[in-house]
Every structure is written in structure tokens, then in C-alpha cells.
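Trainee: These are the residues of each chain, in order.
Number of protein chains: 2
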Amino acid sequence: MNLVTVKELYKTPEAYLDKEITIGGWIRSLRDSKAFGFIVVSDGSYFEPLQVVYHDNLTNFAEINKLNVGTAVIVTGTLVATPQAKQPFEIQATGVVVEGTSAPDYPLQKKRHSFEYLRTISHLRPRTNTFQAVFRVRSLIAYAIHQYFQDRGFVYVHTPLITGSDCEGAGEMFQVTTMDLNDIPKTEDGKVDFSQDFFGKPTNLTVSGQLNVETYAMAFRNVYTFGPTFRAENSNTPRHAAEFWMIEPEMAFADLDDNMRLAEGLLKYVIRYVLENAPAEMNFFNQFVDKGLLDRLKNVLESEFAHVTYTDAVKILEEHNDQFDYKVSWGCDLQTEHERYLTEQVFKKPVFVTDYPKEIKAFYMKMNPDNKTVAAVDCLVPGIGEIIGGSQREDDYDTLVARMDELGLKKEDYDFYLDLRKYGSNRHAGFGLGFERCVMYLTGMTNIRDVIPFPRTVNNCEL
Amino acid sequence: MNLVTVKELYKTPEAYLDKEITIGGWIRSLRDSKAFGFIVVSDGSYFEPLQVVYHDNLTNFAEINKLNVGTAVIVTGTLVATPQAKQPFEIQATGVVVEGTSAPDYPLQKKRHSFEYLRTISHLRPRTNTFQAVFRVRSLIAYAIHQYFQDRGFVYVHTPLITGSDCEGAGEMFQVTTMDLNDIPKTEDGKVDFSQDFFGKPTNLTVSGQLNVETYAMAFRNVYTFGPTFRAENSNTPRHAAEFWMIEPEMAFADLDDNMRLAEGLLKYVIRYVLENAPAEMNFFNQFVDKGLLDRLKNVLESEFAHVTYTDAVKILEEHNDQFDYKVSWGCDLQTEHERYLTEQVFKKPVFVTDYPKEIKAFYMKMNPDNKTVAAVDCLVPGIGEIIGGSQREDDYDTLVARMDELGLKKEDYDFYLDLRKYGSNRHAGFGLGFERCVMYLTGMTNIRDVIPFPRTVNNCEL
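Residue numbers (full-length UniProt numbering), protein chains in the order written: chain A, 1 to 463; chain B, 1 to 463.
Chain A extracted, bound-state conformation:
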């Protein structure tokens, strides 16, 4: 169909003004009177809708007057400038063809709906202003991330989703199986007979592509993953989902400083990209979702991220222990309340916290000379807390094996990973950015269920 998009009209109005055009879209509102009426049409290509004026010279004038919100229409007419009005132009319709009506029980009437209610109609909520903005910005952020890495020569690696190994020994995982759950095959000694499963062994959904992608960093030097990861954690919070997307860059011949530079550059690039490419959406968030959003993001663009070691951060936090539910002391894991205090109250901008105690970090992180801390880094941002977690990796074979022994990890489960330390090892580093946290950070949305098209959480797997 030869239709113009509303986006094109806003981009180059001069190409269309005073000409006959045809658009297709959905009625957002309709106001009729005796001899004429107004339809506000959204075609989904642009945040701003388009106003259509129709008159009783149209043969289906009476029919149009009765159209319900949500109806799909194809409108032909002349685009005319409206210098007196709020919107820059409107269509003077010469034809309004109904493509598909909207039943009277259409759930999205003009009034405002709560996010809770809209979660129950996840197939319709993208038609509302808020979710038009959220999911267009989500798409732009995803693309900006690809751009950032591709422009810098990073190779995009699709790490596997189904995995035979419990990578980091991290958290609860989802099992994947083709066995009949009503009748699980058993071996002679009564155990599950995984030889009869699809892969011939137990398999899970991945919690991280990092160990896999490190193998590619040792071949391509700079690489990144961008894919779904899974956690079967029974935590019903506004920040946790069972299925979410992660970005995991990994660089060979790079240390923790390179890692932080890459992370800071990435966050700034993405912020700049959405401010430039979705100004209407970002203004909407600033006005209706999170009043200080634009100031906060612009402040990030203009400032250098702060740096503090875990040890110094703990000293700072200990002075305010009276304000925390969980009291801080050296060795403890930082909670969201502590992270937010650091970034919001102390530094008032994003901050990198480095060199955590080895006990609270993963086995593969590079041991520092003090033998107590590892070259880990978390990036904390206002409103969210941790948005990025990363480290320089342990690249010394013997040190890595010793640490694995300490933790009781079996060497044979990590043969491939140890090979990287046997054949051309080098200092390397990487991090993980939770994509949904990034979307929340940039939109001001506070519930992860509202930045995922079809969120998966405990007891919730609709559509």
C-alpha cells in the first residue's frame, strides 16, 4: 500500500504540504459535530498523532461520526499547515475508509489507565502513549548499543541460550527438557535417565554468556553478546524478571581501566542517542513519568563518572549506617539502598566502585596483589543502583585453578575456559549491562514489567 507515515510528515513537511496524501492508522479520539468533525489518528510511526478534519461532503459522513476509538482507517486528503494551532499541520480529508472497526468494549478508552491494569492487556498496552514511548525508546536503545560496538569494531557473538553447564554456579536455573514429565525415564538405580533427553544430558537456560564470549575475545579481541538470559529466582520485585536481555562486551589486551572507559562511553552514547532520536518521547517521560529525568541524564553526559574503591565506599557508608536497613561493614555485599546512597547522595552522578572482596565476587575475577580483593567493578547510577557489573578476568592459569579449588569447582567442567589460559592468555576484561535496567534508567519507568513487552515473572507467563 502506498501510504505516507506520520513520521515522514514531521520529518519533511515541505514535501507534503498542500498535496494529496494517504495515511493509515488508528483512531485515538473523534469529535463530531453537525457538519464536520475531527479525528486524531496515530499510525505508530511517530509519537505525535495527526489531526484529520472531515466534512459532511463525505458520503460516509454519518458512519465516520460513529466510529469507536481504536478503529483502523485509511485517510486520504490534503496536508495543510495550521500555524494557529498546537499541531503544525492537519489533513483535510477527501476520504476516510474504514479498514477495521473497533468493538464497543475496546479496553483503551480515552481516560488514563493504571500501569497495573495495562499489564493485564499486554497485547494492547503498546497502543497507549506511555508504552508507545517506552517501547520505541527500548528499540532505539538496543540499536544504539549495537551501533556503539559495531562502530568500534566489536564482533557481535550469539552465545548459546541452552547450556549444559551451570557457568558461574549462579542462582536458580530453568531446566530444559523434552522428556515426558508424566513419565520421566529412569535408570536402573532410579535416577533420571538423561541419556534419553534431547541433548543426552541435563541442560539449562543460560544465566550469562560471559564464559562463552571470552573464548571469542581470544580470537577477535573485542566482542560483545546481546541476548536473553534467565533467572529462576523466586523474587517478586519491581526490578527482577525471569527473562531479560543482557549486553556483555569482552576485550582482550584490556584491563579494568579500559573496561570502565568502555562502560562510561557506552552509557553516554546511548543517552545521547535517545535524546537526539526520541525527543518527544523523552519529554513525555520527563513530564509524566519522572520529573527530573532530562536534567539527570544531561548531567550524566556532562560529567565524568566518579571512581571509588569498595573499601573507601564502605568507609563512607559506615558513617551513615543509621540510615540503612542492612548495616554496612567491610566484606558485606552492597544492597540497593547502599548503592543508591552512594550514587544519589554522595557522588550525585554515576560512580564506579572497584576492587571488591574476593568472597562476594565470581571465581574468574582477577586477584589483586593484596590477595583479598579482586579487580571487579560495578557501575551505580541514580534511581537504579547497579546497572553494570564487570571485572578484569583472571588470566593466570595457576591462580585461576587455585581459586577454583578453593571454591570446590571441578576443573573438568571448565576445560574450555582453562584452555584460554593455556594458549595465548592475556589480560582481558568485560562487563554485563542489564538491558532492562538500562531502559528503566533512561525512561524513568520504575517497574521492569513495564519495559518488557511480555514480561515473565514468578507465576506470570501470559501470551
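None of these hints come from the bench; they were simulated from the model.
The C-beta atom is built at its ideal place from N, Cα and C for all residues, glycine as well.
Any given hint might turn out to be false.
To be verified - Restraint ranges, calculated between C-beta atoms of paired labels, are given here: (1) A:Asn277 / B:Asn129: 30 to 40 Å; (2) A:Lys34 / B:Asp398: 45 to 55 Å; (3) B:Asn129 / A:Val401: 55 to 65 Å; (4) B:Gly265 / A:Arg31: 34 to 44 Å; (5) B:Gly265 / A:Ala62: 37 to 47 Å; (6) B:Asp398 / A:Gln287: 50 to 60 Å; (7) A:Thr120 / B:Thr399: 21 to 31 Å; (8) B:Thr446 / A:Ala81: 57 to 67 Å; (9) A:Glu302 / B:Lys348: 51 to 61 Å; (10) B:Asn283 / A:Asn277: 33 to 43 Å.
What the hints assert, rightly or not - What the simulated footprint calls covered on chain B by chain A, stretch by stretch (three residues with Cβ under 8 Å from a Cβ of chain A suffice, anywhere in the stretch; the number is not a length): (11) 41-49; (12) 88-102; (13) 142-148; (14) 236-245.
Given the structure of chain A, go ahead and fit chain B onto it with the hints provided.
Mentor: Then chain B, alone, in the frame of chain A:
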């Protein structure tokens, strides 16, 4: 670390010639003699490696001479032009620092290895020429696809991986569960008690995001997914994997012609992108993997895709039934041998086959006026067969329900999908492009295991 990449050297040699630079990379080969030696270093940023010349004035000259292939080194020296040589420049080393040695049993010695063998070391194979080329091109194709859609205003939608519905009722699916397989909870009447599972009901890994993404097309008009999909099919062929990536665009206010235009434009865009951005890799494939590759791809760029209806295609194929294992007649599904015959022998270029019998296509495809065929389209390409499958969707509520009844599909399982036909329905269309098939098509690689970093197939889930 402040290192120059080999890619930068090739891109703007004039910025580096006769200057001291430092690079990091892995030894591909080393030739030593009494007073000097040559190291070929790859840093993974570029397909071509870099030659390093070192002399016995280096204090670690003897050590360097003994370095094994695969060693990680940091080389400092002057970049000098070598107009007489095969390569345009080389480094005259003033320092070669060993970052990590390579053990004597390094599996990638200079000789050529079979793809079968390399599959057993999927963590090391990206260090070989072939897989450097394959996985860099894979990354570029992924990015080109995003570019194509984003430049055209399509919104990228992350459809869910874990799903509570068996979408199209298609094929075997992987089940996802957190229940203890050793001790599956049962209800009083002896059935699996899914109320105790993570989501409180049976869940699977998705086979397609299409039905989900249609809901977003009805809000954003033009959308696409690009994510992993899964098939638990027990088929051990060079073309099937249990986990693969799919691209699924969907357009509102669009018909089958719009769909084919989008598909043709996409394939041409991606071909042009890799030819421009990976010329060395593409020449490598043309020389060592698939002799006719470049001619074939350039031919595609220059020609318009052919169009034929299923009915006409069957007539053509029936004349050659003596050449097929499966004989063709109207109503049968086309096999790969038929598809390849059409595109390779009959049309000698990509061809769209349209209007298939409704019996061999999915329930949601738009019924044609003949009531026998549906507005489906497959795009067939030489060397592969089907690479794209799509359709205009049935947008009429009553027709869709009637078809679902015919097939015994339960309406209540598709409430959200039927809602799209109740509230502002419109003609719309979309397709699915198998990402790995696309990579195979553009590289000439013939086994899907060789275009996926860590392939998952029956009984194979390594790393």
C-alpha cells in the same frame, strides 16, 4: 592499554607509517633465523594479519625464537611500508613482550584442519581463518539487518523466549521447568502438578515470535523481532539446529506485495553490506569455500527476484518429476530438492513462490478468494532453498475463527490474537528469515554447525 588495531593500520596507514606503534595479538606463525626472524600476528580486528620483523638486538631474541603458535604478544616498533612485498607494511620491532605463552599441545598448528575436527574445539576454532571470516560476517549481517529496519523506522520488539502457548501448534518444543525431575509433583489424580512449577503452568521455548509481534504491529505499524527460537526436532541434518536466530518483521497496512518488496530489499541490503564491509572475508569464501559465491551474490544484486504461484511452480516441477526423490503434485509440500530446482535450474535467481494450498500452511494466513489457497509466500534462493517464509495474515475475525474451528484450535488459547481482529484490524503481513540460513547463503558454508558459535543439535550441547 594503548594499542593500535591492525584494522586501523589498514584503514589509515598514512597515520601510522614510520611511527612507533604498539599492537597486541596472537602469533599465527614464526620463522626464525640466526640474526632475525618474522612473526605473523593476528589481533582479531582484521582478516589480514600483520608481519613483524625482529632482530637479535632484542634482549629476549632467543626466547622469541622459541615461541609457539598461539602465543599472545605485545609488539612495539615502527610501521614501515613494504612496497616489494605481498603485504603493504610490516612492523620493525623494538620490543616483543610475551603476554601469555601457548602450550606445546596447542591444537591449531599451521596445517589445515577439517571442519569436523574444528567442531570438537568450538572454543578455539574462531582463531582459524575460516571461522574468523564466518563469525565476523555473521556479526556484520546481524548489524546490517538492524540497520535496514531501523533506517526504515521499524521498531525492534523483544518477543518472549519462554512461552505458555504452543503458538502455531508447530513441531516439537522444549519444555521449561524448575520442578525437580527426580520427584515431579503430582496432583491427587496423578497428573503433573504444574501449579508448583515456576510459572504455575506448563511452559515451553518459543518456536516463533510472530503472534506476539503482530500485537506490536497493531500499535507501531512496522516492527521486527530478532531473537532466538527453538525446535526440538530430532533431525540430524546439515540444515537443522535446535537453537537458531530468526528475524520476523511485521507490517500493518501492508499486503503480500509490500511483504515481498521488504524481503527483497532486505536480502539485497545485507548482501551489499557484507560485500562492502568484509571484502577480504568474502574473497576468502569465494576462493576456499564456494567458488561461485561472489558471482551468485552480485547476480542477485543486479536482478529482480522472480515471482511464481505455487500452482504454476507445481506445473513446472511435475515436468521434471523423474529427477526428484519425492514426486510433486498439487497439494504437496515442496521439499528442498524442489525448491532448489526452481531457484537454481528454472529461474537461476531468487524466486518468490506465492499462494500455497491452505492445507500445508498455518491457520493465520489470509484466505484467497479461491478459498483453496492462502496469501503465503516463500522466498527460495540458490544453494539453500527456502530462506524466507511469510504471508499476509487473516485479518477478518469471522474467517479466522472459522479456520481455527476447522483445525480444532481452541479460541480461548488465542484470545489476544483474536482481539487484534476485533479492535482496529487491518491488512497486514510479515515474514520470518532464518538468520543462520542467511549466513550460510552469504558465506557459502554448507553446515549450520559451522555458522553458529556453539551449535545445539540432537545429543550435542557442548560448552
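Trainee: Against each hint, give a clear statement of whether it holds in the structure.
Mentor: Hints, one by one, checked against the model:
1. At about 38 Å, the CB distance of A:Asn277 to B:Asn129 agrees with the hint of 30 to 40 Å.
2. Taken as a hint, the range 45 to 55 Å is violated for the pair A:Lys34 and B:Asp398, whose Cβ atoms sit roughly 35 Å apart.
3. Taking the beta carbon of each, B:Asn129 and A:Val401 are about 31 Å apart, not inside 55 to 65 Å as hinted.
4. Between B:Gly265 and A:Arg31, the C-beta spacing of about 39 Å keeps the proposed range 34 to 44 Å intact.
5. Here the CB-CB span from B:Gly265 to A:Ala62 is close to 41 Å, well matched to the stated 37 to 47 Å.
6. A hinted range of 50 to 60 Å is violated for the C-beta pair B:Asp398 and A:Gln287, which are about 43 Å apart.
7. Between A:Thr120 and B:Thr399 the CB atoms are about 28 Å apart, so this pair conforms to the stated range of 21 to 31 Å.
8. The hinted range of 57 to 67 Å is satisfied by B:Thr446 and A:Ala81, whose Cβ atoms lie roughly 58 Å apart.
9. For A:Glu302 and B:Lys348, the Cβ-Cβ distance of about 58 Å falls inside the hinted range of 51 to 61 Å, so the restraint holds.
10. Under the hint 33 to 43 Å, the C-beta atoms of B:Asn283 and A:Asn277, about 36 Å apart, fit the expected range.
11. Counting residues of the stretch 41-49 of chain B whose CB lies closer than 8 Å to any CB of chain A gives 3, so the stated coverage by that chain holds, three being the minimum.
12. By the rule of at least three residues with a Cβ nearer than 8 Å to a Cβ of chain A, the coverage given for the stretch 88-102 of chain B holds, with 4 such residues.
13. Check on the stretch 142-148 of chain B: 3 of its residues sit with their Cβ under 8 Å from a Cβ of chain A, so the three-residue criterion for coverage holds.
14. Only residues whose C-beta sits within less than 8 Å of a C-beta in chain A count toward coverage, and the stretch 236-245 of chain B has 3 of them, enough to reach three; the restraint holds.
Violated hints, in rising order: 2, 3, 6; the structure is consistent with all others.
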